[in-house]
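Number of protein chains: 2
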Amino acid sequence: MVGYNNHLSQHPYDHYDSAMKKTASGFSPLICLDRKAGKPLYSQVYDAFRAAIVGGNLRAGQRIPSTRALSSELRISRIPVLNAYAQLLAEGYFKSRVGSGTFVSSSLPDLLTPSQDYSARSTRVLAMPRPIARRSSLIPRYERPAWVSGHGAFSLSQPAVDAFPFHVWSKLVARYWRDLHRSALQYGDPMGFKELREAIGAYLRAARSVRCEWQQIMIVSGSQQALDISARVLLDAGSPVWIEEPGYWLTRHMLTAAGCRLVPVPVDNDGLDVAVGVERCSKARAAYVAPSHQYPLGATMSASRRLQLLEWAQSAASWIVEDDYDSEYRYDSKPIASLQGLDHSSRVIYIGTFSKVLFPSLRVGYIVIPSDLVEHFVAIRHAMDVSPSHLYQVVFADFINEGHFSRHIRRMRLVYGGRREVLVNCIRKELDSVLQVHGAEAGLHLTVTLPKGYRDRVISARAARQNLWLWPLSPSYLGTTPRQGLILGFGGATVAEIPDAVRRLRAVLTSDRAR
Amino acid sequence: MVGYNNHLSQHPYDHYDSAMKKTASGFSPLICLDRKAGKPLYSQVYDAFRAAIVGGNLRAGQRIPSTRALSSELRISRIPVLNAYAQLLAEGYFKSRVGSGTFVSSSLPDLLTPSQDYSARSTRVLAMPRPIARRSSLIPRYERPAWVSGHGAFSLSQPAVDAFPFHVWSKLVARYWRDLHRSALQYGDPMGFKELREAIGAYLRAARSVRCEWQQIMIVSGSQQALDISARVLLDAGSPVWIEEPGYWLTRHMLTAAGCRLVPVPVDNDGLDVAVGVERCSKARAAYVAPSHQYPLGATMSASRRLQLLEWAQSAASWIVEDDYDSEYRYDSKPIASLQGLDHSSRVIYIGTFSKVLFPSLRVGYIVIPSDLVEHFVAIRHAMDVSPSHLYQVVFADFINEGHFSRHIRRMRLVYGGRREVLVNCIRKELDSVLQVHGAEAGLHLTVTLPKGYRDRVISARAARQNLWLWPLSPSYLGTTPRQGLILGFGGATVAEIPDAVRRLRAVLTSDRAR
Chain U
7 MVGYNNHLSQ HPYDHYDSAM KKTASGFSPL ICLDRKAGKP LYSQVYDAFR AAIVGGNLRA
67 GQRIPSTRAL SSELRISRIP VLNAYAQLLA EGYFKSRVGS GTFVSSSLPD LLTPSQDYSA
127 RSTRVLAMPR PIARRSSLIP RYERPAWVSG HGAFSLSQPA VDAFPFHVWS KLVARYWRDL
187 HRSALQYGDP MGFKELREAI GAYLRAARSV RCEWQQIMIV SGSQQALDIS ARVLLDAGSP
247 VWIEEPGYWL TRHMLTAAGC RLVPVPVDND GLDVAVGVER CSKARAAYVA PSHQYPLGAT
307 MSASRRLQLL EWAQSAASWI VEDDYDSEYR YDSKPIASLQ GLDHSSRVIY IGTFSKVLFP
367 SLRVGYIVIP SDLVEHFVAI RHAMDVSPSH LYQVVFADFI NEGHFSRHIR RMRLVYGGRR
427 EVLVNCIRKE LDSVLQVHGA EAGLHLTVTL PKGYRDRVIS ARAARQNLWL WPLSPSYLGT
487 TPRQGLILGF GGATVAEIPD AVRRLRAVLT SDRAR
Chain S
7 MVGYNNHLSQ HPYDHYDSAM KKTASGFSPL ICLDRKAGKP LYSQVYDAFR AAIVGGNLRA
67 GQRIPSTRAL SSELRISRIP VLNAYAQLLA EGYFKSRVGS GTFVSSSLPD LLTPSQDYSA
127 RSTRVLAMPR PIARRSSLIP RYERPAWVSG HGAFSLSQPA VDAFPFHVWS KLVARYWRDL
187 HRSALQYGDP MGFKELREAI GAYLRAARSV RCEWQQIMIV SGSQQALDIS ARVLLDAGSP
247 VWIEEPGYWL TRHMLTAAGC RLVPVPVDND GLDVAVGVER CSKARAAYVA PSHQYPLGAT
307 MSASRRLQLL EWAQSAASWI VEDDYDSEYR YDSKPIASLQ GLDHSSRVIY IGTFSKVLFP
367 SLRVGYIVIP SDLVEHFVAI RHAMDVSPSH LYQVVFADFI NEGHFSRHIR RMRLVYGGRR
427 EVLVNCIRKE LDSVLQVHGA EAGLHLTVTL PKGYRDRVIS ARAARQNLWL WPLSPSYLGT
487 TPRQGLILGF GGATVAEIPD AVRRLRAVLT SDRAR
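Chains as they are written, first to last, in our numbering: chain U, 7 to 521; chain S, 7 to 521.
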């Protein structure tokens, strides 16, 4: 959040004030008074504050409750509290400012700095074994590599947030609070808000040919939670699961955390190669696929592969999890119906998110669940996090039902179509000899593969130093012979910005050190 | 949401309008045009709509895109779209209203009703086995028993939402949207928003003597997600885990879903009986406890038990998950420091929520993580749901930092203290011979136990028919000899409402059919 502290900028205590904004105001430390003790009450209050400050439980600059609030809380008269505060002020533990209240002083002689204390605790920790779950030791460390640290060209998963109709959205948010009903503040249905589920159902039936009733739709915090819930309902530790090779790394992490056995199945221009999957592991419990716009290579699964996959799932009694993470936007080709809509044996769990269509921090996605599995999904979801947050569910339902959503998608399809065209043309013009483009027919990103000798991680790291944000392709492979390439988002840079960004990318690629 | 459709109430098309509000507006069905086909374009558009309507992908009353929007989307001239719409109107598939647009007609002769189609699909489903994860077959069905279906006396986990300063909160929400920075719309840190983590750290250090730095604090969607994440990081399938007997049923469900072996350890007036735990399973991987205000019996764990538990955890290399779900409010007794604050070997994972202090649909809670485990918690959280929702994190940080939070807690302590006192007095006056009160020193609920012969589920179900919402005690037991009792929330009924509610409870209890 930026800007709302500006009204303080002319204030003489500016520094002090903004420091205060950073710490919580007016919390009382734990004070246990013993009325029968020989020690007077004011001295007990003094001791409690002093111990809290020296022990690091109250920190420099932190606001202290008023004497009135504290004495009422402790159920004693104000006199001992006033006396204790006076002594703490006199000794320099407290600092007082007229009109602002009382604070812990910023410079204290005998104050143990909390970080020393903290690290002292940390070293003692290792005296005994500290066992964690096997699955959580298998999952790779969370890292933020250089190429995710900025926004703009060619940042991945970044929609054109500047084109989002915030005036509409914030009006709906304001209306939510104005018309708030008490029940909106209580725990909700673990499946989500009914009106939103109905609205999403109508959307998915029309736009994606998903066959569903609203009772099958669960609102989740995004496609990642959807993937996670599906794994917890369907997969046991050790269950073999087909994943796309190359594929989405977070699907892999999630399945690793679920303790599954990953079976990489190669992807070609027709999508997942079902025959190879059957060869490698015909009895996989599930297949995780993105048939509309495979990540990262962008293939759309062909009709024959779709039917093959559905047949396999039915004959092997397996599940298909269809991750339709960005299929709202298709450019050249005809629209593609969902795999779920072709499924006559309810083997497909259909997953989507609005992170790309609206904005990522929204945290709203959905699962379309085969009807016989709904009870299992609800039970697991309830045990995981009870119910989804209410506000944005209501606001988003209004946004859809009042027509803003379909208007926004139509508008953004033109915006992104334009950006994609400029990007593809610029790559052809500037880098045709070096880069081969894949999967530009849909979504918000395309992938380019590199000729022999280039190392994509090196390029991504170098590009990040030039404020160009490209994901390397090779980490999308589980196997040991990954292709080298780059994944370019085109949601976050305008038509005017793209040509220059491509020229800067060329400079990075043609530098000697790219190989 | 209530009230904002009121402006329609005088409209002659009221019924039609409110039906429209329920379905999404203006989504196009999937239309694949083949320009080389013999069939004219208008006829292809007609066929697509007819098929979508007959197949249930477009439903009665659903809005159709304008001819302008559709022709632009299909990149054809408006003429064939106009012709197709004219025919669909003439045949009664569409209905048009001047100024409102075009809709799928509400009465269609050859329309397969979607529910028929849906159930037809459902029966075919069972032809092949449908294997799900073992853990998801073990977890009990999600149910909403009669006693959770209303709000008011003595609804559990219901704070006094009418006393929440909504004018402040909604101003902060409005300010968030007004001053919004682009970065606020992107994915956030999987640990949560830094300013909120700092503010919660300051609060926990002061008010709960938790020893922590903000880097150890993870923002989650509530204490349930906190419990879940802790289990996924720390526990393997089959890991033995101590749980309180009786205890919180959702902790049990979560641990069942994690595949753990539950070891019930009895609770007495001093909290968890550590010696019995050691006897039953000395090598448990973890203990899940609520030492401040045990659920449901309300004991506060004594100092000696706390030290025993910490010693056990250190010597057995086990973890303690401290669920401090409602310790903001203590009434009679002295404040109790957290167990985490006594721990010198970083064996305690400290968990809390703001569902009770603010409102449940907020969905904001936290985990204080031992510093060497932070990397594992982050990796699992990122694989589970990427990052928490942004808006309420910022708003809540502002709410704390501007002093509203500590003021609200102080105020609510008085409100709840008053309600608790009235409830305890009324029970003593009206039902002293029948009910024994437990755990009224803290939190937002107390528990009463029943004399021999009473069956708590029967009473709860009967009370629900009188608009009294009481949880039965017996489902809190894992073992086969549960005590019979009732759990009474006092957050959701005012001082004026409580006496009558207790009298009505007496009527339920003294009826013959209660036993």
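No lab work stands behind these hints, which were simulated from the structure alone.
Treat the hints with caution; some may be incorrect.
A pair holds if it fits inside one copy or across any two, identical chains being indistinguishable in the list.
[What the hints assert, rightly or not] With a straight-line Cα cutoff of 30 Å, these simulated DSSO-like cross-link-like pairs (lysine-lysine) come out:
| # | residue 1 | residue 2 |
| --- | --- | --- |
| 1 | 42 | 458 |
| 2 | 435 | 458 |
| 3 | 289 | 458 |
| 4 | 42 | 200 |
| 5 | 289 | 340 |
| 6 | 45 | 458 |
| 7 | 435 | 340 |
| 8 | 340 | 42 |
Remember, predicted model here, so these are calculated numbers, not experimental data.
Results for each hint:
1. For the homomeric pair residue 42 and residue 458, neither the shortest alpha-carbon distance inside one copy (83 Å) nor that between copies (41 Å) is at most 30 Å.
2. When the C-alpha separation of residue 435 and residue 458 is checked against a cutoff of 30 Å, the pair qualifies only within one copy, where the shortest distance is 21 Å, while the shortest distance between copies is 86 Å.
3. With identical chains, the CA atoms of residue 289 and residue 458 are never at most 30 Å apart, being 37 Å at best within one copy and 55 Å at best between copies.
4. For a Cα distance limit of 30 Å, the shortest separation of residue 42 from residue 200 qualifies neither inside one copy, at 58 Å, nor across copies, at 43 Å.
5. Proximity of residue 289 and residue 340 under a CA criterion of 30 Å is satisfied in neither setting, with 34 Å inside one chain copy and 61 Å between copies.
6. Within a single copy, residue 45 and residue 458 get their C-alpha atoms no closer than 80 Å, and across copies no closer than 48 Å, so neither meets the 30 Å cut-off.
7. In the homo-oligomer, the alpha carbons of residue 435 and residue 340 lie at most 30 Å apart inside one protomer (26 Å), although the nearest pairing across protomers, at 75 Å, exceeds that limit.
8. For a Cα distance limit of 30 Å, the shortest separation of residue 340 from residue 42 across copies, 14 Å, qualifies, whereas the shortest one inside one copy, 83 Å, does not.
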